[in-house]
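S.K.: Protein chains in written order, with the working numbering: chain Z, 5 to 343; chain S, 873 to 1230; chain V, 889 to 1212.
One thing to keep in mind: the hints can contain errors.
Computed spacing ranges between beta-carbons, pair by pair [what the hints assert, rightly or not]:
id	chain 1	residue 1	chain 2	residue 2	range
1	S	GLU1031	Z	ALA173	51 to 57 Å
2	V	ASP1086	S	SER1156	27 to 33 Å
3	Z	ALA92	V	SER1097	45 to 51 Å
4	V	SER1097	Z	ILE111	49 to 55 Å
5	S	ILE1183	Z	GLU218	46 to 52 Å
6	S	ALA951	Z	ARG10	56 to 62 Å
7	S	PRO946	Z	SER15	39 to 45 Å
For the record, the hints were derived by calculation from the structure and aren't laboratory data. Quick reminder that beta carbons are idealized off the backbone N, C-alpha and C, glycines included.
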Amino acid sequence: MLTYLRKRIISSALPLVVVVVGVFALARMTGNPASLYLPLNATDAMRADFIAKNGLDQPVLVQMADYFGGLLRLDFGTSLRTGEDAAAMALRAFPATLQLAATTMVIAIILAIIVGSAAALKPNGLLDRLASFVSMAAASIPDFWLAIVGIWVFAIYLGWLPTSGVMGAAAWVLPVATLLMRPFGALVQVIRGAMVTSLSEPYIKLARSKGASEYRVVTAHALRNAAAPALTVAGDLTVGLVNGAVVVETIFGWPGIGKLMIDSILQRDFAVLQACVLITAIAIFILNILIDLGYALLDPRVRPTAGARGKRKARTITSTTEPTTPSEPTVPAVTGANA
Amino acid sequence: MMELLDSQRAAEKTLTTVLAVTGLDVDIRTPTGTVRVVNKVSFTAYQGQTLALLGESGCGKSMTAKAIAGLLDPVASVAGGVVALEGKDLNTMSARARRAVAGPSLGIVFQDALTALNPVYTVGTQLGEAFRIHRGMNKKQARLQAIELMRRVGIPEPEVRASAYPHQFSGGMRQRILIAMAVALSPRLLIADEPTTALDVTVQAQIMALLRRLREEENMAVVLITHDLAVVAEEADNVVVMYAGNVVERGPVATVFSAPTHPYTKGLLESVPTHAVRGDELSSIPGSPPELKNIPAGCVYQDRCPMVAAICRETRPELRQTGENQFSACHFSDVLVTQAGNPTNDHSLTSPQLEDNQ
Amino acid sequence: MTQTLNAPTGQQRAPKPSKVRLGGPSMFRMLLRDKFATIGALILAVVILVALIGPTLMGELATKQNLMFMNKAPFDPANGWAYILGSDSLGRSMLARLIVATRTTLMVAVPAVLVALLVGSLWGVWAGYHRGRRENISMRIADIIMSFPSLLLAVVVLYVFSPSVANIVLILALTRIPIYMRTARAESAELQSRTFVDAARTFGTKPNSIIAMHVIPVVTPTLLTLATLEFCYVMLAESSLSFLGIGIQPPDVSWGLMVAQGRQYLQTAWWLSILPGAAIVITAIAANLLAAWLRIATDPAQRWRLTLEKPARKALKSLSKEAK
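Just chain Z, same shape as in the assembly (with noise of 0.2 Å):
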């Protein structure tokens, strides 16, 4: 299992290496960020102290270098825009992503659970084709438009829920829901597939054969045998919900990592704008090696060292106490008559 581990890390890690010096890159040729920073009638002498004071006169090898060495030392740098600690204010917008984000899985994921697998039980029924509707819906409606259709009806026309901020449960409605709707669809459509198939699988009627209720038939075997490909699904859709986050984020002002990148892009902000991608794709790759580990548990088919081992075992096991006919028959089977 370590070994295992050890390997999903490096072959995990490696994204993680290249886009960072990807972002590092470009951020470098988003612009000269003095001409943005001093005023107008700032002099030549202004702006070479200031670009030699950001390190901004050194080749991009050098500055990279003293990038990575900062990142070695924990220090990401300072924002050019407060002159604070870069680092601290992506960690500090990084927790109402997280929440946003997290809030928005759990529903999905629990509601898809139960529509998902309800479709299944009657493919093509009533429930399947609203199902199926819905999760079109959702991969066809723009977010950014949802939240304002949103906000148009619930907010202004209505007035039940504020537009924007994140005070109160009414202020998490519309984000949510709005982030909800494509990790919904997809995942009810990946949950009936899948569902459809186990209950369509031999085991399935092996646990009818031993007398088991509907119940447990479907939760117990068809639903547990449907949790490890859904998973991987709802993994890929978490590191989509980024996107989301970034147009959520921005349209109800919400002071997560998403708007903090969008703003430090739009500001020429280095050094925030790294620390903000940087924390994404930790976040991205933590949640890579979680998923990789929850399929292992689910599936113990994938569990490579468990069943290696088992594999040499199973190999011995093979002798038995049943006497072997030593006249066993070689009388053809019927199918073979009419050859």
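With chain Z fixed as given, assemble chains S and V onto it according to the hints.
M.R.: Just chains S and V now, with coordinates in the frame of chain Z:
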């Protein structure tokens, strides 16, 4: 010879009926209409005996087994007939009552153990499930029962292996686990649906030996679904030969195999290369079974039958008695009876086809 | 086999039945049998037609400001047909602006889908056919692109390079290439182990010819279905970018940008945001409906459902309803 016959008769008189299937019909709904895949199938399985359902793939033998066990696919349904298990009709039972029967009264062994076992649970958990459902045991008690069962079906180190998953076992071991699961609650009837098809020949023999041992220990009635003539000859007391959804012949294995009274049974037995000489062409039944969608009027076997006559094209033959406990659905069964000479003399031979096999 | 002997370059047909004649008359008849797919195809056809000839017909109307017709509500015949969908704060006709935006929206979405389809499919088929290190490296690249939120990548890239139509197309294509790659690789890896590919290889056919002759025809239907779905995704991504201000830039106009511009008038003129959004939703749903039908129509195991006559389909429906 006569003494043997008498003792056999005496034994038959004391037989206890476990399963009595009468006029069972099974339909499959397809987009182009309903197809009858099992037509008026009747047979009886006795305690302590093995009844073989023999036929080619697609003849309806598996469908019959699934109908008895109540495990038909959603597109298939029982259209008529009575399936009486220990006198109670399973077809008219409520779903709840049927679940109460599944396990304690009726066990089924599936064909492919790899797909039949749930891949995400340990075999110990799956073996214990029946005890948890029907006996209300807790996890610990059920596990002990599971280990005991594994020991009974000959799985070494059951205490350790109970925590292993299905994919960590060999094919033969998985089949043993499936069998253990089916007999967990000592059912009166065990249905074995081609239990050895997916296995190596040597392992097949072990599995059949295990089934035989368990049948004797538990005094169960066994319904064995198979397409293997040798297995029938070796294991079964009675045989039901099916063709295109219909029973064409049934009776004691010894009688049916030594003196078949249906041309299909005869053709099957002749296709077995027992007396084959090198260079001779092997006998085979020409043609292939009819599609279940368009079964001809008249006899189901008419298109491949060497004895076909005008009446076979018009009237479907009913099952008629052709010998001691032997029945055949053929207009010309009398001819076959005379051809076979004096069939009752052959009772001592359990499987004449296997005599000079080596 | 005689055929293969006569044509040792491996010209024999793939024996897999999944090669589907796209656009043939039977395909068209199957489309007409599916109500929803027909509607979806019709909507897409109208959208494409509007994008092609609409802007020419509209002429100056889309940019003509008319202070007499500021923020007119839609569906009021009194304002004349040009203002039937209302007008914006500068008195420009919403109908005309929507039509012009259709062209911009498609001009981003269609090329982005095509570029990603072409590059991703060929790359994936190639990687899957050759297996080994070429496959591993390719898939690792796909993983890297996929492991980062695509919108974020686009946001960063578009801020570095100016958000021109070409750049938007390229970044959207780049982030979607892995989708095609993964599908094409999986199918091609499965195909390359098939007997008919082995047979072609035995005759000394070059890998590229085998890929062109045996692999690509088989994977094409699947990839085209995927591309239809991706059209929907790419269109939504473009509108998200435009909404965030880093996609299409004024004075150009796309549906997403119109939603963003109308957002500040939400309280007074809802139609400025809602109508272009509705255009996005309707087009996306149409693409989805067509993709759902394509998935069945190009799957040999399921295609029979579409060839059934009406009564049989009804029977099938009631049948599956009964099925537990």
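S.K.: All the hints need checking, so say for each whether the structure fits it.
M.R.: These are the hints, each one checked on the structure:
1. Under the hint 51 to 57 Å, the C-beta atoms of S:GLU1031 and Z:ALA173, about 53 Å apart, fit the expected range.
2. The hinted window of 27 to 33 Å between V:ASP1086 and S:SER1156 holds, with their beta carbons roughly 32 Å apart.
3. Against the hinted window of 45 to 51 Å, the Cβ-Cβ separation of Z:ALA92 and V:SER1097 comes to about 60 Å, which falls outside the hint.
4. A hinted range of 49 to 55 Å for the beta carbons of V:SER1097 and Z:ILE111 is consistent with their spacing of about 52 Å.
5. A hinted range of 46 to 52 Å for the beta carbons of S:ILE1183 and Z:GLU218 is consistent with their spacing of about 50 Å.
6. Restraint check, S:ALA951 to Z:ARG10: a C-beta distance of roughly 60 Å satisfies the suggested window 56 to 62 Å.
7. Between S:PRO946 and Z:SER15 the beta carbons are some 43 Å apart, a value that agrees with the proposed interval 39 to 45 Å.
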